[in-house]
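Start from chain A and add chain B according to the hints.
From first to last, the protein sequence lines stand for chains A and B.
Going by my numbering, the first residue of the first sequence is number 14, and it counts up by one from there.
Going by my numbering, the first residue of the second sequence is number 14, and it counts up by one from there.
Keep in mind the hints are simulated off the structure, nothing from the lab.
Note that the coordinates shown come from a computational prediction; the quantities given were computed from them, not determined experimentally.
Hints may be right or wrong, so weigh each one.
Given that identical chains are not distinguished, each listed pair holds provided it fits within a single copy or across any two copies.
What the hints assert, rightly or not - Calculated cross-link-like contacts (lysine-lysine; reagent style DSSO-like; alpha-carbon spacing at most 30 Å):
(1) LYS98 / LYS30
(2) LYS209 / LYS98
(3) LYS98 / LYS52
(4) LYS52 / LYS432
(5) LYS437 / LYS353
(6) LYS98 / LYS32
The primary structure of each chain is shown beneath.
Number of protein chains: 2
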Amino acid sequence: MGPEKELSELRHQVADKTKEMVDLVAARNALARSIGAIKMREALPLEDLGVEDDLVRLVITECEERGVDVQMGLKMLSTLLTEGKRVQGPQSKHQLITPQMMSARAREIEASGRHLLRLDVGEPDFRPPRAVLDATSQALFDFKTHYTGARGIPELVSAVRRYLERKSHYHAKDTELMVTPGGRFGVYAALATTVKEGESVMIVEPNWPAYKEVLQYIGARAVTVHTSLEEGWEPSVESIQTAIRPNTRAIILSYPANPTGKIITPSKFRAIVEVANDRGLTVISDEIYTDYAYIPCPSILEAEAKKFILTSSFSKTWAMTGFRVGYALSSEEIISRMMKIESLLITSVPEFIQHGAIRALDSDPEVSQNSAAMKERIEVASRELDDIGALRYVRPDGAMYVFPQAQEERFDSTEFTMKLLEQKGTTISPGSGFGNYPRCFRISLGQSRETIVEGIRKIGELLG
Amino acid sequence: MGPEKELSELRHQVADKTKEMVDLVAARNALARSIGAIKMREALPLEDLGVEDDLVRLVITECEERGVDVQMGLKMLSTLLTEGKRVQGPQSKHQLITPQMMSARAREIEASGRHLLRLDVGEPDFRPPRAVLDATSQALFDFKTHYTGARGIPELVSAVRRYLERKSHYHAKDTELMVTPGGRFGVYAALATTVKEGESVMIVEPNWPAYKEVLQYIGARAVTVHTSLEEGWEPSVESIQTAIRPNTRAIILSYPANPTGKIITPSKFRAIVEVANDRGLTVISDEIYTDYAYIPCPSILEAEAKKFILTSSFSKTWAMTGFRVGYALSSEEIISRMMKIESLLITSVPEFIQHGAIRALDSDPEVSQNSAAMKERIEVASRELDDIGALRYVRPDGAMYVFPQAQEERFDSTEFTMKLLEQKGTTISPGSGFGNYPRCFRISLGQSRETIVEGIRKIGELLG
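Here chain A stands alone, though its shape is the one from the complex (with noise of 0.2 Å):
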């Protein structure tokens, strides 16, 4: 047979194999109908993550023999398991409403006139360091108005390394560091990196929605494990240990926490990062709110974790919020395929920010300043909470915000916050942003001191 029809004749076999993968997903689907008709009639819920599990792990397995590369065996079966789940027919959608959909709502009543009490808002109302706007308005004017390397320019690179050194005691090499455009691009820059579609990430909920939302972005999935109110907060070594999937390539770590404030001591810390060693996950640690921390609060640099991505910002320490800039550490080869990623999306940070937030570092006494107010605002926060019965909550160790809970069992926090902005012009953002909380609400602890105390009260009275 000659080259020419030996080439044809394969390629009718892939074709028949192209029809056949097709068949299989309509079989397949089929299935799934089927599947979801029978859950319908009984109201079982939709999702079986032990299902999924089962599915995952005969998928690797089978890769593993027939010699198929794993990431792409998985990630086909999170095509077909998404959809498969489209065809078993629509998903229960209980409304959700992250702090960024709730402060663009506020925005929007605002510019029509109408003064709130914003306690949505996850930015501080302090002003950056004078030092600051000095260096950036001069960085302008000299010119610093180029490209620069993703990585960032030298000057702020080394001034973060030393920044840690100083902080944490850890020794960084400047290649293992990267400047971000701020917290949210280093997360994102770090998940996209860590883990593709058809694999998952732990993330401890209550927690920031941005994590779960780039999960989806990306095509992976969050997995969540569940802390609640009455266990103050706080995640067992064990929930965490159970709760890792065979796809599971990463962990998310906060604190202090966002909405709860809370703060795990350094032991239980390290001995999360003991298990993300033992099991190969990388430790994503997300330190944005480390400098409003109240008691002592644990950094990835230093819990000896085998692999993990420090991701940080330069908005809540300093209220730098609309600069935009962050950074991150990791390991050399992680840092430069996410700086890949940054140089492809947005190039770099402009330039003359970069100088500015050179002086943010060397700006300790605005740091003991803003984390001292936000202290005493927990305080006032904490006895404004303690005068409503209808409310519990945990006093945060940290963070900028509160997270109380509505007594009554079947509280919904969406409908409670949408009646407080309508009958008390306050904003608040609703406790399903942050996982599977309807009875509970975060109250940002950005404003003044005034702003929170009314605020509370307003919340008080609507509770009535």
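Chain B in isolation, oriented as in the chain A frame:
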């Protein structure tokens, strides 16, 4: 049969189908290996777009017949094809050096103290308008240092709307506009909104490498239409028509073009848009160099495209590369999807930068001045290139580059670029970054007249 038993039976069948899928991939891989072996033996190219197109058509038809989601089918096919290529053996990886990589390398060398003639940089050396610097600095000291909505501050959005009205007599609504962190992010968000894994986008080459890189990141394919210096870098409507593949969703147009400086006539542009309209393609028009145009330049706003996304930036016209700010215009629905991506990955563009950008839009004297300076540089570069017999080039109609081609048939511009850097301290970007142009290289005119003259003379010296 009880529901538990029924479910368990169905789940067994699902597991069987999942196993079959892996078997099918393994069988398909075996076929791919055989095909790869024959191609290697017969020295045939590993990739055959015709064959892929047949498979794409087969999947579309089969999915439609069997009630399987087509987009999902194309994604599975794409995964299979990628795996197939992986097992066919190593792809011929010709060394690709993009302008971004070249800049990174040049910056490293410069950091070590060596002076370079930088003809690689894709940014003008002009200064941003003084009014922009003043307004940015003023906004900074006015504490415009907060998150904004992903669309951008309303004042800037309206200013962009009015600017486009003035420039192209196009009446947009503010809801059809958004501010982006640079033109690059605009292009990413446009593509991420328009094309999914397993689909493709048409690109006229040579062109900015980012288009292909972003498509690859998304998992989509670039379908390229090759143009040549001999044809004056002019694409034919027919070549575009015939290159459209069954999974092609969009076409990227960008005039004046990077790296050739080519501008096609508005009537040719409209003819291409008509093809896109007929075939249901979205036209993504990157109009970043539009103010450096020395013959009439088409805009998507004057071409009656049914579906389009305009992306642009403040970077080139106003020399604001280091501000990372641009804008996009499309339908309300597309813009709202692009805003979701911006929200998710980066929240917003720095607030004070947005305030500064407003002032760029009424900096007409600077636009004229920069445009005139670039025109003169094109003339200077052309005169210098005319003296080098070993090079041919088409005189740019606009933009800020020249893309000459060596007369010598076996010229390797990547090798030449490296030699030029080492022996002559001069940086250019090799043609392979922009498509299949090993005999070409890009000279950037972003530097002073003196640098351009000296750099081109070094090129002439090395060519001997």
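Checked hints:
Both within a single protomer and between protomers do LYS98 and LYS30 lie at most 30 Å apart by alpha-carbon distance, with minima of 24 Å and 16 Å respectively. With identical chains, the CA atoms of LYS209 and LYS98 are at most 30 Å apart both within one copy (20 Å) and between copies (19 Å). Taking CA atoms no more than 30 Å apart as the test, LYS98 paired with LYS52 passes inside one copy only; the shortest distance there is 12 Å, against 40 Å between copies. In this assembly of identical chains, LYS52 and LYS432 lie within 30 Å of each other by CA distance neither inside one copy nor across copies; the values are 35 Å within and 68 Å between.
For a Cα distance limit of 30 Å, the shortest separation of LYS437 from LYS353 across copies, 29 Å, qualifies, whereas the shortest one inside one copy, 47 Å, does not. Taking the shortest alpha-carbon separations for LYS98 and LYS32, both the intra-copy value of 22 Å and the inter-copy value of 19 Å come in at or below 30 Å.
Violated hint for the displayed structure: number 4, the only one.
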